[in-house]
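S.K.: Now for the letters of each chain:
Number of protein chains: 2
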Amino acid sequence: MLQLLDQVRIILINTTHPGNIGGAARAMKNMGLSELVLVEPRCFPSEEADRRAVSAKDILDKAVVVDTVEEALEGCGLVLGTSARERRIPWPLFDPRDSAEQAKQSLQKGNKVAIMFGREDRGLTNEELQKCHFHVHIPTNEDYSSLNLAAAVQVLSYELRMSLLGEHPLEQKNAEDWDYELADAGEVEKMMVHLEQVLTEIEFLDPENPRQVMARLRRLYNRQRLDTMEVNILRGILASTQKTIAKSQK
Amino acid sequence: MLQLLDQVRIILINTTHPGNIGGAARAMKNMGLSELVLVEPRCFPSEEADRRAVSAKDILDKAVVVDTVEEALEGCGLVLGTSARERRIPWPLFDPRDSAEQAKQSLQKGNKVAIMFGREDRGLTNEELQKCHFHVHIPTNEDYSSLNLAAAVQVLSYELRMSLLGEHPLEQKNAEDWDYELADAGEVEKMMVHLEQVLTEIEFLDPENPRQVMARLRRLYNRQRLDTMEVNILRGILASTQKTIAKSQK
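Taken in order, these protein sequences are the chains called A and B. With our numbering applied, the first sequence covers 1 to 250. With our numbering applied, the second sequence covers 1 to 250.
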């Protein structure tokens, strides 16, 4: 079961201190994780990162650096984002233990799992958090809640390993067979872009004053883990809407 | 219950790198622990320790430095030692989760609990380990098992906090904190009827040959427990679609 840890992708976004990247790599390797993706790190590769990684330098060597969160999430069926604060729109929120259990179920169905960690000073943006199926909150002391980035990666990686070790066997109720594969994050993202476009065309959405419509729709469609057939249906609806409008205008 | 964390003493023995002492203090404070005892640290106080501790400098300021393990353990009713390796004499060995549960029971009986962490390179000596009621082993990747000292303190402190918080601390919060009430079945049903009507108008749905489109859409929207705002948004989209089509046809 532990080999499923190979299907977990740790994503660090806009990391400022290279030492934290190294510390994260070490925490990952200690727990058996190996796939690291960096979105626009301030400084990488870096000697400081190598030094902190110690024997986990191989993880840094094969780390992939990308420009956008979308690239980082490509191919992932379940997306988790770590969050320290209350957000304006509440999102499904789990502690690291329950998050690891969710991740395990997804891994067992053959999905890749992404866990996003934000900037040292401000975490993930609202936009990034809205790309997540759910948020992970590490319960912290209210008087001092800002966890070191590598420490947060350590806690999540540890919980993933614990859940896959299965020392505390959990119910498999939710692991029933589904009839279609779950859609990956990229497909859902394309659908959201298509949806936004159509909503603008039908003047439901005012680009000048979008309010929180798209955030709410993202939350809705991420909350439920869309399968590939559902994404096809929803995109079909969008395409038909556009076709009907075009035809009427002729 | 969390105030019992005040009765936990973290003991670091012969720490070589002051940065690790600072990192440990930060991990402790993030999780609500406060009592740090250092047995013959190589270099303390230290600027590097202060730097890594960030806002947990108060823990370093009141840390007690002693010469012997016996002094460090004074007044503690339960003593745990972290151990990465198999020892010659098998000792009761628990993972961090079960260790935290044991610690919790001891704390609830009014005991002070000590957790000892050894040297960066060789951990605790056999003599030190034999002073423990039981050993804690953080499950690690066999190919790379040497956890950073501050990371080990992080994992143990996290598990202590989790055990004192009780199971699934966020579950209740998810239920309480949602911003809108869940929609009732009648509202969702009206939305589904409206949806079917629009899908027919845009010729996505053929009433003569509906296949399973509506069944799939019903499953999709029922799976996620829509809230009232989401139902409003979805109905608004349907209404705007109809309005746009009507306008184009004029």
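Since the hints were derived computationally from the structure, they do not count as laboratory data. Take these hints with a grain of salt, some might be off.
The list cannot tell twin chains apart, which means a pair is met if one copy fits it or any two copies do.
Unchecked claim - Using 35 angstroms as the maximum straight-line C-alpha spacing, the simulated DSBU-like pairs for lysine-lysine come out as follows:
(1) Lys112 - Lys57
(2) Lys247 - Lys190
(3) Lys57 - Lys247
(4) Lys131 - Lys250
(5) Lys131 - Lys243
(6) Lys104 - Lys62
(7) Lys62 - Lys243
(8) Lys190 - Lys62
(9) Lys190 - Lys250
(10) Lys62 - Lys250
(11) Lys250 - Lys112
(12) Lys247 - Lys62
(13) Lys57 - Lys109
S.K.: Treating 35 angstroms as the Cα threshold, decide for Lys62 and Lys250: within, between, both or neither.
M.R.: For Lys62 and Lys250, the Cα distance exceeds 35 angstroms both inside one copy (54 angstroms) and across copies (60 angstroms).
S.K.: Go through the copies and call it for Lys131 and Lys243: within, between, both or neither, with a Cα cutoff of 35 angstroms.
M.R.: Answer is both; intra-copy 28 angstroms and inter-copy 30 angstroms each pass.
S.K.: Is it within, between, both, or neither for Lys131 and Lys250, if the alpha carbons may be no more than 35 angstroms apart?
M.R.: neither (37 angstroms within a copy, 39 angstroms between copies)
S.K.: Go through the copies and call it for Lys250 and Lys112: within, between, both or neither, with a Cα cutoff of 35 angstroms.
M.R.: neither (45 angstroms within a copy, 49 angstroms between copies)
S.K.: How would you label the pair Lys247, Lys62 (within, between, both, or neither) given a Cα cut-off of 35 angstroms?
M.R.: Cα proximity of Lys247 and Lys62: none, with 51 angstroms in one copy and 56 angstroms across.
S.K.: Checking Lys57 and Lys109: alpha-carbon separation at most 35 angstroms within a copy, between copies, both or neither?
M.R.: Answer is within; shortest intra-copy Cα gap is 30 angstroms, inter-copy 45 angstroms.
S.K.: Quick one: Lys104 to Lys62, C-alpha cut-off 35 angstroms, is that within a copy, between copies, both, or neither?
M.R.: For Lys104 and Lys62, the Cα distance is within 35 angstroms only inside one copy (24 angstroms; across copies 41 angstroms).
S.K.: Please work out whether the CA atoms of Lys62 and Lys243 approach to 35 angstroms or closer within one copy, between two copies, in both situations, or in neither?
M.R.: neither (45 angstroms within a copy, 53 angstroms between copies)
S.K.: Indicate which option fits the pair Lys112, Lys57 if close means a Cα-Cα distance not exceeding 35 angstroms: within, between, both or neither.
M.R.: Classified as within; 23 angstroms inside a copy, 40 angstroms across copies.
S.K.: What label fits Lys190 with Lys62 when the C-alpha limit is 35 angstroms: within, between, both, or neither?
M.R.: within (28 angstroms within a copy, 52 angstroms between copies)
S.K.: As a check of your reading, is Lys247 near Lys190 (CA-CA no more than 35 angstroms) within one copy, between copies, both or neither?
M.R.: both (24 angstroms within a copy, 28 angstroms between copies)
S.K.: Between copies, within a copy, both or neither: which fits Lys190 and Lys250 at Cα up to 35 angstroms?
M.R.: both (28 angstroms within a copy, 32 angstroms between copies)
Hints 3, 4, 7, 10, 11, 12 from the list above are not met by this structure, while the remaining hints are.
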